[in-house]
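Q: Mind docking these for me? Both chains are given alone in their own frames, and the hints should help you get the complex.
Those protein sequences? They're chains A and B, same order as listed. For the record, in the first sequence the residue sitting at position 153 is 785 according to my numbering, with numbers rising by one throughout. For the record, in the second sequence the residue sitting at position 46 is 325 according to my numbering, with numbers rising by one throughout.
Read the hints as simulated data drawn from the structure, not as lab findings. Just so we're clear, the structure is a prediction, and the values are computed from it rather than from any experiment. Check each hint, because a few of them may be wrong.
Stated by the list, open to error - Mimicking BS3-like on lysine-lysine, the simulated pairs with C-alpha atoms at most 30 Å apart in a straight line are: (1) A/685 to B/308; (2) A/685 to A/792; (3) B/358 to A/679; (4) A/779 to A/792; (5) B/358 to A/685.
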Amino acid sequence: MAQDWQPDFERLVDEHQAMVFSMALRMTGDRGLAEEIAQDTFLEFDKSLRTIKNAEHACWWLRRVTMSRATDALRRRRVRGMDLWVALNEQDGVTAEEKSSPLGARLEYLLTTLPEAQRAALILRYQEDMMPEEIAAMQDAPVATVKSNLQRGLKLLRAKATSQLKEFIRGA
Amino acid sequence: MAPEEMDEFERELRQALERRPAPPGLKRKLMAQRSANAARGVWWTRLVRAGHTRGWATATAALLLLAMAGGGVRWELDKRQEQRRGEAAREQVMTALRITGHALNEVQTRLAEHDRQAGEGER
Numbered sequence: 633m634a635q636d637w638q639p640d641f642e643r644l645v646d647e648h649q650a651m652v653f654s655m656a657l658r659m660t661g662d663r664g665l666a667e668e669i670a671q672d673t674f675l676e677f678d679k680s681l682r683t684i685k686n687a688e689h690a691c692w693w694l695r696r697v698t699m700s701r702a703t704d705a706l707r708r709r710r711v712r713g714m715d716l717w718v719a720l721n722e723q724d725g726v727t728a729e730e731k732s733s734p735l736g737a738r739l740e741y742l743l744t745t746l747p748e749a750q751r752a753a754l755i756l757r758y759q760e761d762m763m764p765e766e767i768a769a770m771q772d773a774p775v776a777t778v779k780s781n782l783q784r785g786l787k788l789l790r791a792k793a794t795s796q797l798k799e800f801i802r803g804a
Numbered sequence: 280m281a282p283e284e285m286d287e288f289e290r291e292l293r294q295a296l297e298r299r300p301a302p303p304g305l306k307r308k309l310m311a312q313r314s315a316n317a318a319r320g321v322w323w324t325r326l327v328r329a330g331h332t333r334g335w336a337t338a339t340a341a342l343l344l345l346a347m348a349g350g351g352v353r354w355e356l357d358k359r360q361e362q363r364r365g366e367a368a369r370e371q372v373m374t375a376l377r378i379t380g381h382a383l384n385e386v387q388t389r390l391a392e393h394d395r396q397a398g399e400g401e402r
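Just chain B, with the same shape it has in the complex (with noise of 0.2 Å):
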């Protein structure tokens, strides 16, 4: 292969790889798309870019994922707590009432003796 020859074969490729123009459209798909990506605002993306380093965004997130975690171990403490404080009121509740009920029924023995006697003193 004669180096003229090859210089000459050289030159047609490099002219027949001349960069094309792009589709049209391929702007505006790209431009739609990327405003679309941007709207969906995936949140994790946005945490990624503000955190500048993969590190961040990880370090972000397991705190969050702990917070989460801690938050929810929290609410169901409280939650058991309101329920052992409900109990314990209706507990309270219902002794009141045996209490109260016992002393009606006292009273209403008392006031049918009292009742029966002065019955019996009239006769």
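For reference, chain A alone in the conformation it holds in the complex (with noise of 0.2 Å):
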């Protein structure tokens, strides 16, 4: 069955780049890093189409990958001393159809101010609609770990609504 698959590297494309940009947009809150983390995470993918083994896998593979790049990148930022975070929302070049409702977007925003284990288990529970165990099997973490990275991440980000969003809170 693996056999059949023939991976169409210009349609996995298409198919991922939005899942890929989103995550490591996300991951990092800048668009410009975000692209060229999207770039490298697919030239690689291509130097690795060989081993893999289906459409799932591919899904997989970027997921995982895409992670990865977003934690080194941010890790370089961090040993530069650069300022991390880019507000996601106009000052970022966003145009008016991408953005969500506003409290969508503050909520997006505030989620780049959460710690990075936290950001990266609600970004794949919350993005990407994966279980906690499919988080942990791509991790290589404990089950417990994703839930609790996920729980406190929950807690802090709702911490956050409540105290700086109340009016959108009140009118949800």
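A: What follows is the structure, given as structure tokens:
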């Protein structure tokens, strides 16, 4: 079955570019850097295409490598002492069509202020709809750690949202 | 935190984290970069791909290096042998020239002697 699968790089880029870019963007909070990460990830994917067994494996591989590249990029930025977070909304060239609701946009921004492990867990859970067990398998981490990151991340995000976005929460 | 409140918050978060479209130029840049990489034809990348595994690639690279080193040694030996042959040939030519020079001197001396004796006879 796996031998029947013929990877078509261009089609796979079409299919997964939004996923890869969105994950990188939400991990780094920087569109330029996210685009670079997406390019590097796909070029690496192209090199590894022979080892990809099927469509699910391709998606899994891309998620894993994108997260790893984004984490590396963040680490490099920290080493250089650069300001980590660039606002995800207006200041960063996001078009009006890309914006979700005002509350959504604020939530997205607040997400970028969470610790890296919690942010990664929330992105994989709520953007990619992955179950904690799948996230754990992908990150080579215990399920309990992933669940803890999800709970803590949600709690922290909620606390930040409650204190900073009162008007939106009330209106929701 | 009430569960229904949590659900609503999670729903809002899920909505906020919908995938964003990739920048319009991303695929174009990516394909251009890919073509450039392919055109550059990095030979070792091809070697790695052709070999399927790193082990094969390493073995191939090692064999190539060995062949190159062997070729270099052989070339050096051939060069030295050629040099030695050249020197021997030069030595032979020099010896032949010396012998010829000596013979010519001998002939010249005899001719001079013959001329001298003939002159004395005429007197």
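Q: Is it true that the CA of residue 358 of chain B sits at most 30 Å from the CA of residue 685 of chain A?
A: Distance ~54 Å between residue 358 of chain B and residue 685 of chain A Cα, so the pair is violated.
Q: Within a Cα-Cα threshold of 30 Å, do residue 685 of chain A and residue 792 of chain A meet the stated pairing?
A: 42 Å, violated
Q: Would you mind confirming whether the straight-line C-alpha gap from residue 685 of chain A to residue 308 of chain B stays at or under 30 Å?
A: 26 Å, holds
Q: Does residue 779 of chain A pair with residue 792 of chain A here, judged by a C-alpha cut-off of 30 Å?
A: 20 Å, holds
Q: Is residue 358 of chain B close enough to residue 679 of chain A, meaning Cα to Cα at most 30 Å?
A: 44 Å, violated
Violated hints, in rising order: 2, 3, 5; the structure is consistent with all others.
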